[in-house]
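Residue numbers (this note's numbering), protein chains in the order written: chain A, 1065 to 1256; chain B, -10 to 159.
Derived by calculation from the structure, the hints in this document are not laboratory data.
Take these hints with a grain of salt, some might be off.
[To be verified] Cross-link-like lysine-lysine pairs, in silico, DSBU-like; alpha carbons within 35 Å at most: (1) A:1114 - B:8; (2) B:-4 - B:126; (3) B:0 - A:1114; (4) A:1219 - B:-4; (5) A:1071 - B:-4; (6) B:120 - B:0; (7) B:108 - B:0; (8) B:108 - A:1173; (9) A:1173 - A:1219; (10) B:8 - A:1219.
[Said to hold, decoys possible] Short derived list, chain B residues pointing at chain A, Cβ under 8 Å: (11) 31; (12) 47; (13) 51.
Cβ atoms here follow ideal geometry from the backbone N, Cα and C, with glycine treated the same way.
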Amino acid sequence: MNLDPEKLRCAKCDYPLHDAQLNNGPQPCYYCGHQVNAVVFPAFYESLEKGGSGETRASDAEAGCFYHPQKRAERVCASCGRFICELCSVNLDDNDICARCLEISVENKEYVMFENQRVLYDSIALQLSVLPAVFILPTILTAPASAYLCVRYWKAPLSIIPRTKIRFILAFLISGAQITAWAYLIYEILRL
Amino acid sequence: MAKSAYKMLFKSRWSISGKRYALYRTGDHLLSLISNGYTERYRRFYYRDIHALVVTTTPAGQIWNVIFGVLGTALMAGFLSGNRAYLIPGGLCFLALLINTVLGPTCVCRITTAVQTEKLPSLTRRRKADKAIALLKPLIEKVQSPDPAYPPVVREKSTNSDNPDEFSGV
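Pulled out of the complex, with its shape left as it was, chain A reads as follows (with noise of 0.2 Å):
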């Protein structure tokens, strides 16, 4: 059981919950007296699993861990090939890899799974090409930018939810505008 009074706290006043507030429906917080409604699911009367620590090598002749030698070797990683005690070992997609591996593999966004943040190139440059047309001017400088964000990121992934290219679409079209605008003043200022 993994009973623990101190965890679940009322959501405005942190004041600890009493068992009867617990799947009950809404109940007054017994420090706030706001309506507290606590559902909680199976996993909270689980203890944990305790983790593996990887055992001891008993003599030379067994294989030891590459980050631990201490550590007698139990798999190997099926990334870089090195022996892994049970402590480095992470299982991913049915696969023991090790920790340097799993670093790699986030740093390199493999995994969408790892990813917590994106960068929404396509906002951005929808943006440069909207917001900076109503004061004109700086659209000489802020349109080209708006193009070249276009083109360079056209082909990086977009967000983890459902997104279509449309903003891009429209950025290209509009700062694609604009330079063609600026292209003709400028040709015309010269032509006088």
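Mind docking chain B on chain A? Use the hints.
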């Protein structure tokens, strides 16, 4: 466009500062999204890890109602006394009051796992939070293995008067 596995739970909520808050669900986790227009930040809560959802009503909605009501009445009084300029701001105050009343009571929603307690900024209305709980509860309970101790049942001790043979070894 590659088909995304994420499905939006409710329409996004926009804050006064221009931030967008949304909640998405997929086969094995819940995704809380915070966007400022240029970047998106994600927080994932796997169904198997969720311990509890706690929703507490807040007085913020009622406070806003009082503010809009007082301001709207004052502006309308100004309009009725002859100043036409007060009509539009007064009307806007009453419109805001109406929208706030229709949206219902405000709340704070927190999600708890074994190692963290996070606020879900996209759920600020009680009605929406209740809908979210109704939607997520079966998904979470389906993933989490049924525990005999869930829901916790307080078993009362049988007394000899109820069943005299129970402890007599008969």
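Hint-by-hint comparison with the structure:
1. Proposed proximity of residue 1114 of chain A and residue 8 of chain B is contradicted: the alpha carbons are some 39 Å apart, above 35 Å.
2. Simply put, residue -4 of chain B and residue 126 of chain B have alpha-carbon atoms about 16 Å apart, close enough for the 35 Å limit, and the pair holds.
3. In summary, the hint linking residue 0 of chain B to residue 1114 of chain A is not supported, as the alpha carbons are separated by about 40 Å, beyond the 35 Å threshold.
4. Distance restraint check for residue 1219 of chain A and residue -4 of chain B: the Cα-Cα separation of roughly 23 Å lies within the 35 Å cut-off, and the hinted pair is therefore satisfied.
5. For the given pair, residue 1071 of chain A sits about 30 Å from residue -4 of chain B by alpha-carbon distance, which is consistent with the 35 Å threshold.
6. Between residue 120 of chain B and residue 0 of chain B, the direct Cα distance comes to roughly 13 Å. Compliance with the 35 Å bound is thereby established for this hinted pair.
7. Pair hint residue 108 of chain B plus residue 0 of chain B holds up; C-alpha atoms about 18 Å apart against a cutoff of 35 Å.
8. The straight-line distance between the Cα atoms of residue 108 of chain B and residue 1173 of chain A is roughly 26 Å, inside the 35 Å bound, and the hint therefore holds.
9. A C-alpha spacing of about 15 Å is found between residue 1173 of chain A and residue 1219 of chain A, which places the hinted pair at or below 35 Å, so the restraint holds.
10. Our distance criterion of 35 Å between C-alpha atoms is met by residue 8 of chain B and residue 1219 of chain A, whose separation comes to about 26 Å.
11. Hint status for residue 31 of chain B relative to chain A: holds, with the closest Cβ pair at about 5 Å, below 8 Å.
12. Checking residue 47 of chain B against chain A: minimum C-beta separation of about 6 Å stays under 8 Å; hint holds.
13. Violation of the interface hint for residue 51 of chain B is found here, the shortest Cβ-Cβ separation to chain A being roughly 11 Å, above the 8 Å cut-off.
Of the numbered hints given earlier, the model fails hints 1, 3, 13; all others are met.
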